[in-house]
Amino acid sequence: MSEAPAAPLGASADRVPAQSIDLLLRPPLPRAGRRVLPARVAALCAVELQKLRHDRTELYTRAVQPALWLLIFGQTFTRIKAIPTDGIPYLDYLAPGIIAQSAMFIAIFYGIQIIWERDAGVLDKLLVTPTPRSALITGKAFAAGVKSVIQAVVVVVIAALLGVSLTWNPLRLLGVAAVVVLGSAFFSCLSMTIAGIVLSRDRLMGIGQAITMPLFFGSNALYPVAVMPGWLQAVSKANPLSYEVDALRGLLLGTPAHLALDFGVLAVAAALGVTAASSLLGRLAR
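Counting from 58, one number per residue, gives the positions in the sequence shown under this note's numbering.
It is worth saying that the hints were derived from the structure and are not from the lab. Treat the hints loosely; a few may be bogus.
What the hints assert, rightly or not - Pairwise CB distance ranges, derived in the manner of DEER restraints:
#, residue 1, residue 2, range
1, ASP259, GLY178, 33 to 43 Å
2, ILE145, ASP181, 25 to 35 Å
3, ASP181, ASP143, 50 to 60 Å
4, ALA177, VAL292, 32 to 42 Å
5, VAL179, GLY144, 48 to 58 Å
6, LYS138, GLN266, 28 to 38 Å
7, GLY321, VAL185, 33 to 43 Å
8, ARG136, ASP176, 13 to 23 Å
9, ASP176, ALA295, 31 to 41 Å
10, PRO95, VAL185, 15 to 25 Å
11, ALA177, ILE268, 25 to 35 Å
12, GLY178, LEU125, 36 to 46 Å
13, ILE145, LEU125, 14 to 24 Å
Only a predicted model underlies this, so the values are computations on that prediction, with no experimental measurement involved. Cβ atoms here follow ideal geometry from the backbone N, Cα and C, with glycine treated the same way.
Produce the complete structure using the sequences and hints provided.
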């Protein structure tokens, strides 16, 4: 007795694309680094900024110091008229310097956070992911820049209430935001580089406090470079904060500035900062 013929295999009414079958047989190729890197930088930056939703105290407390600089120091020296500012009221001259100072003070202690992440085990988890170290550093640097832009908005509002003549041109304000982001990116990378060297929050805090005031007073934030002694003029020309202040004055007040040079120096400084901090990130995680 012959066996019954086997039933034919059922075929799906939907035609399966050849590409889908190919994916089952061969894993997809990873995306190119030039596509992945910006997305990962943006994601890491967004993660850093999420912390502001849970605790905004930092923004409020950090607004006190620039307000005191403008209210007390600025108005007092406006009356004294001891610092030559080429006919610009001293309070107007001071406001861009205070914006740069407040942004630097936010960024210069950013290394403390990455040391805390190391102690909490978060940094080790980030380093074992495929994310490049440069993307991790860049995301944190630009997060510091966005925080500094928020701080700059607070200072601009205070300065406007005090009668400072600032521009409200949207393109110039975008330029101000770009300058603040680049400057903060450099100083936050400087902080993370120092963190990779000293490996301790206490040491980093001490070094940060030791270098912030020399960086501030060794720039053109409070007075023109022309009134400085010769050795301090050389320090000011090597200080990225001076280029940030010069660009902010040119954009906000319309004073003569070297915007191309300022942006170029800040961009190169930020790139070098990312490179230095990325090279020391592995040492910090050991």
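Evaluation of the provided hints:
1. The given range of 33 to 43 Å is broken by ASP259 and GLY178, whose C-beta atoms sit roughly 20 Å from each other.
2. At about 51 Å, the beta-carbon gap between ILE145 and ASP181 misses the expected band of 25 to 35 Å.
3. Take ASP181 and ASP143: their Cβ atoms lie about 54 Å apart, and the range 50 to 60 Å holds.
4. For the pair ALA177 and VAL292, the supplied restraint of 32 to 42 Å holds, since their beta-carbon distance comes to about 38 Å.
5. Look at VAL179 against GLY144: about 52 Å separates their beta carbons, and that is inside 48 to 58 Å.
6. Here the CB-CB span from LYS138 to GLN266 is close to 32 Å, well matched to the stated 28 to 38 Å.
7. Under the hint 33 to 43 Å, the C-beta atoms of GLY321 and VAL185, about 36 Å apart, fit the expected range.
8. Under the hint 13 to 23 Å, the C-beta atoms of ARG136 and ASP176, about 49 Å apart, miss the expected range.
9. For ASP176 and ALA295, the hinted distance range of 31 to 41 Å is satisfied, since their beta carbons lie about 34 Å from each other.
10. At about 21 Å, the CB distance of PRO95 to VAL185 agrees with the hint of 15 to 25 Å.
11. Checking the proposed 25 to 35 Å range against ALA177 and ILE268 shows it holds: the Cβ atoms sit about 26 Å from each other.
12. At about 39 Å, the CB distance of GLY178 to LEU125 agrees with the hint of 36 to 46 Å.
13. Separated by about 21 Å at the C-beta atoms, ILE145 and LEU125 satisfy the suggested range of 14 to 24 Å.
The structure is inconsistent with the numbered hints 1, 2 and 8, although it conforms to all the rest.
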